[in-house]
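Residue numbers (my numbering), protein chains in the order written: chain A, 358 to 848; chain B, 358 to 848.
Because the hints were derived from the structure by calculation, they are not lab data. This structure is a prediction, so every number in the text was calculated from the model and none was measured. Any given hint might turn out to be false.
Given that identical chains are not distinguished, each listed pair holds provided it fits within a single copy or across any two copies.
As the list claims (entries may be wrong) - BS3-like cross-link-like pairs, simulated, lysine-lysine; straight-line CA separation at most 27 Å: (1) Lys740 x Lys727; (2) Lys740 x Lys693; (3) Lys705 x Lys616; (4) Lys666 x Lys705; (5) Lys846 x Lys791; (6) Lys414 x Lys404; (7) Lys404 x Lys677; (8) Lys846 x Lys591; (9) Lys810 x Lys693; (10) Lys836 x Lys404; (11) Lys693 x Lys723; (12) Lys727 x Lys808; (13) Lys808 x Lys712; (14) Lys565 x Lys701.
2 protein chains.
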Amino acid sequence: MSEKLTPRHEDYSRWYNELVVRADLAEQSGVRGCMVIKPYGYAIWEKMRDYLDASFKATGHQNAYFPIFIPKSYFTKEASHVDGFAKECAVVTHYRLKNAEDGSGIVVDPEARLEEELIVRPTSETIIWDTYRRWIQSYRDLPILVNQWANVVRWEMRTRLFLRTSEFLWQEGHTAHATREEALEEARRMLEVYADFAEKVMAVPVIKGFKTANERFAGADETFCIEAMMQDGKALQAGTSHFLGQNFAKAFDVKYADKDNNMSYVWATSWGVSTRLMGALIMTHSDDSGLVLPPALAPIQVVMVPIYKNAEQYTSLVAKMNETAAALRAVGISVKIDDDDSQKPGWKFHEYELKGVPVRMVIGPKDLEKNQWEVARRDTLTKEFLPDEGIVDAVKALLDDIQQNLYNKALNLRRERTYEVNTWEEFVDVIDNKCGFALAHWDGTSETEEKIKELTKATIRCIPMDMVEEEGVDILTGKPSRGRVVFAKAY
Amino acid sequence: MSEKLTPRHEDYSRWYNELVVRADLAEQSGVRGCMVIKPYGYAIWEKMRDYLDASFKATGHQNAYFPIFIPKSYFTKEASHVDGFAKECAVVTHYRLKNAEDGSGIVVDPEARLEEELIVRPTSETIIWDTYRRWIQSYRDLPILVNQWANVVRWEMRTRLFLRTSEFLWQEGHTAHATREEALEEARRMLEVYADFAEKVMAVPVIKGFKTANERFAGADETFCIEAMMQDGKALQAGTSHFLGQNFAKAFDVKYADKDNNMSYVWATSWGVSTRLMGALIMTHSDDSGLVLPPALAPIQVVMVPIYKNAEQYTSLVAKMNETAAALRAVGISVKIDDDDSQKPGWKFHEYELKGVPVRMVIGPKDLEKNQWEVARRDTLTKEFLPDEGIVDAVKALLDDIQQNLYNKALNLRRERTYEVNTWEEFVDVIDNKCGFALAHWDGTSETEEKIKELTKATIRCIPMDMVEEEGVDILTGKPSRGRVVFAKAY
Chain A
358 MSEKLTPRHE DYSRWYNELV VRADLAEQSG VRGCMVIKPY GYAIWEKMRD YLDASFKATG
418 HQNAYFPIFI PKSYFTKEAS HVDGFAKECA VVTHYRLKNA EDGSGIVVDP EARLEEELIV
478 RPTSETIIWD TYRRWIQSYR DLPILVNQWA NVVRWEMRTR LFLRTSEFLW QEGHTAHATR
538 EEALEEARRM LEVYADFAEK VMAVPVIKGF KTANERFAGA DETFCIEAMM QDGKALQAGT
598 SHFLGQNFAK AFDVKYADKD NNMSYVWATS WGVSTRLMGA LIMTHSDDSG LVLPPALAPI
658 QVVMVPIYKN AEQYTSLVAK MNETAAALRA VGISVKIDDD DSQKPGWKFH EYELKGVPVR
718 MVIGPKDLEK NQWEVARRDT LTKEFLPDEG IVDAVKALLD DIQQNLYNKA LNLRRERTYE
778 VNTWEEFVDV IDNKCGFALA HWDGTSETEE KIKELTKATI RCIPMDMVEE EGVDILTGKP
838 SRGRVVFAKA Y
Chain B
358 MSEKLTPRHE DYSRWYNELV VRADLAEQSG VRGCMVIKPY GYAIWEKMRD YLDASFKATG
418 HQNAYFPIFI PKSYFTKEAS HVDGFAKECA VVTHYRLKNA EDGSGIVVDP EARLEEELIV
478 RPTSETIIWD TYRRWIQSYR DLPILVNQWA NVVRWEMRTR LFLRTSEFLW QEGHTAHATR
538 EEALEEARRM LEVYADFAEK VMAVPVIKGF KTANERFAGA DETFCIEAMM QDGKALQAGT
598 SHFLGQNFAK AFDVKYADKD NNMSYVWATS WGVSTRLMGA LIMTHSDDSG LVLPPALAPI
658 QVVMVPIYKN AEQYTSLVAK MNETAAALRA VGISVKIDDD DSQKPGWKFH EYELKGVPVR
718 MVIGPKDLEK NQWEVARRDT LTKEFLPDEG IVDAVKALLD DIQQNLYNKA LNLRRERTYE
778 VNTWEEFVDV IDNKCGFALA HWDGTSETEE KIKELTKATI RCIPMDMVEE EGVDILTGKP
838 SRGRVVFAKA Y
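So that you can see chain A by itself, here it is in the shape it has in the complex (with noise of 0.2 Å):
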């Protein structure tokens, strides 16, 4: 049996480290920054892949694979798009290596220079555009409504597993419209759709609002985002949105005629989420004793394991877990049966919690006897007996029941640790002792941001979209403001 984690009240940033190794789900490659996923995690961004994936589907949009490399010169086409994302970035030089003449081993070759340097895509509207500059012409080719599942590479100094690594995997939709109001639907339209899937899938509520120019998406006239509250209190930006104007049809020239011939450039959005997902996820739900995961996303749903004292006993036992494995899974419910007689039953109760299994399905010959199991679930660490008679039934309605719990804990936690405040003093406690979010008055600059900002390290998580309309002063200069904004240490 593996040691214990480190409990997260003594360090909780060493505790989701050690969590996300020891539950297998991912790992540091030999390559600076980026990560390997391994079949466990990789399991559970398939099944947030899938969900995501259907509702972009029944929302119009279809898939469609862009380039992973973009000429530099692309780049410098939208002003402020080349300020955010080609500073930091994985440049390609050379398409060639070749042996070294001293017999040393292989050197990249001087003679296979690229006359332009290929940048490994940190996101794609440039590239895409540069394609939609083809593909429109008229109002008939529009809206255009798709979608990529890429992996993407930023160049991260400090890099963390699925929190912040260089290359990451994520899908990028880029949509194309006739009309501004038409992109902002639509823009709008994908953060509810993400909004929905956190909270419903991940069961993790978030907040929805729009970023402060300070916070957008280089390139976006209006960023929309979900954010999501972890477990010690500090924001997790969880997906965006964005309404990007014309600024990329613009710097790619792309313009369309409407029915009277009448030329204009296109409106455009983009949105995105990654395997960060994954991080907000594990921080979200897990516990000391390893993953906690809404069973909407385990990939195991339910483990079974017998209890016995000989080979008779073993084999009835199989028998019965098969026979209720079989009616479980008839009705959609992912069974896993641990017959494994080489590991002692308290060795198997560890790994499944670790690896955070939402129900544990015990039996042994005296509940056999009894027509009754021993049911435990993972998120309150409780257990219970249950008849055998109706079993189904009662162990779907207990996978429901954890995925609620889980959003309603995460809920309460986000609402106990948010605070309103009204003056600097209480702003300052909140972050840095109650470390939660503060609900605060701002006057709206970008100096008051930063100069909190360098203050505190909080930023203006966003402006919630369901903001009260308030007179009240900017807890920082005492300026007018009209609402509040949510600020917070984050991710």
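Let chain A serve as the given structure and place chain B on it in line with the hints.
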């Protein structure tokens, strides 16, 4: 209406290039050698991926994800692998751009040179076996049955959409085993999975065989392959499965302890198919009217087109189409109703022929009265009237028939164009004039194989798994041979 495709008999290669673009499958991007896979093409690839992924999982494999970058030094660890893959590749040398001092734009920051260059993966054996070293200690950790869906880059001088692009999408399975026998069995099992997929889903008959030493994967002890014949008689390698022996285990020092605590090197396989399959699919079935798709891979299996003169007719036809479409969808058939009033039926017929939709159902006011549909099949370009009663079963049977017919047609073509040859003259005639597969005796040496390639451009596609033992003499050298191998020109 767009102009006709170049007919195949006029210029097969041009026909292919036009078809790929006009059927909205893919196009060249602004990045040399990299393609954009368009939504319609990607939808076909997604279906391929889903079928294959399900087969991999059914045979016990799990997905994972490994870094896109591979340190240069990793390649030098496996001697033959470096020659095969590290030469023509995309090399990342820097991790930052900066504003040029003369204000001319952005340039590579010379200060940000990587200590060790990173190669964009051309295949992942090296990075994966570097990882497996950490995963494998004892026999309990084996087998590892992992697959990855990813993009890879091989710098190609001459590219063609799907068939040969610098970046392509693929899956690569990488497995680790305790014994030679188990690894060999795995490599053969995955070849069967590929062959089954090619024949049953893609409707592409394939020959299963071994590669000669010359054509083997760089780093493999044995390469199994499936080879298909395109309509022009050339071969296309549609998938490979490699028995890697202990080569990568030795290169990356991956050993396991057996039950008696003896340490041994681990045995390996790798296997992959790529977006190249799209090229095979297109070149096997399509015709001068455009794409022809087997129903199993068609994003739209049935398209419905109404023929009408007035709004009243339109309304009743669309109502009928919706009703029948719902019935077809209920049995898992994908249906598109093209009720676009701004396009003429003739334009639509042409469009769906170009896009390879297997079945077209047309209905007009008279058909409605007579309770019938005009049903056209894309594979034979024939049409017939079918009664509305029982239409669901009839369409289902038709789709099955099209799937089978495409396979049979391709198999007949291959049979017609496969020749047993016994003399050099016959051999040259098959390769140069008849353009087909030559089943010929070969003396088993690489020298002869290379000589034949120089003289005719034909290569040994494979040594068939079902090769009949037969005494014979090499068609070039006259030296003794024990069986016939498959020679052809290849894509």
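How would you label the pair Lys836, Lys404 (within, between, both, or neither) given a Cα cut-off of 27 Å? Neither: 47 Å inside a chain and 58 Å across chains, both beyond 27 Å.
My question is about Lys666 and Lys705: at a cut-off of 27 Å on alpha-carbon distance, are they close within one copy, between copies, both, or neither? The answer is within: 16 Å in one copy meets 27 Å, while 71 Å across copies does not.
From the Cα coordinates, with 27 Å as the cut-off, is the pair Lys810 and Lys693 best called within, between, both, or neither? Classified as neither: same-chain Cα gap 48 Å, cross-chain 54 Å, threshold 27 Å.
Given a CA cutoff of 27 Å, do Lys808 and Lys712 count as a within-copy pair, a between-copy pair, both, or neither? neither (42 Å within a copy, 58 Å between copies)
Please sort Lys414 with Lys404 into within, between, both or neither, judging by C-alpha distance up to 27 Å. both (15 Å within a copy, 14 Å between copies)
Checking an output row: Lys565 and Lys701, CA cutoff 27 Å. Within, between, both or neither? Classified as neither; 47 Å inside a copy, 45 Å across copies.
If the cutoff is 27 Å on CA atoms, where do Lys740 and Lys693 land: within, between, both or neither? Let me know, please. Cα proximity of Lys740 and Lys693: one copy only (19 Å, versus 51 Å across).
Have a look at Lys705 and Lys616 and pick one of within, between, both or neither, based on CA distance no larger than 27 Å. between (67 Å within a copy, 21 Å between copies)
Within a copy, between copies, both or neither: where do Lys846 and Lys591 come within 27 Å Cα-Cα? Within one copy only: 5 Å inside, 62 Å across.
27 Å Cα threshold - placement of Lys791 relative to Lys846: within (12 Å within a copy, 72 Å between copies)
When no copy is specified for Lys693 and Lys723, does a C-alpha distance of 27 Å or less occur within a copy, between copies, both, or neither? Classified as within; 22 Å inside a copy, 58 Å across copies.
Indicate which option fits the pair Lys404, Lys677 if close means a Cα-Cα distance not exceeding 27 Å: within, between, both or neither. neither (29 Å within a copy, 38 Å between copies)
Consistency note: the structure conflicts with the earlier hints numbered 7, 9, 10, 12, 13 and 14.
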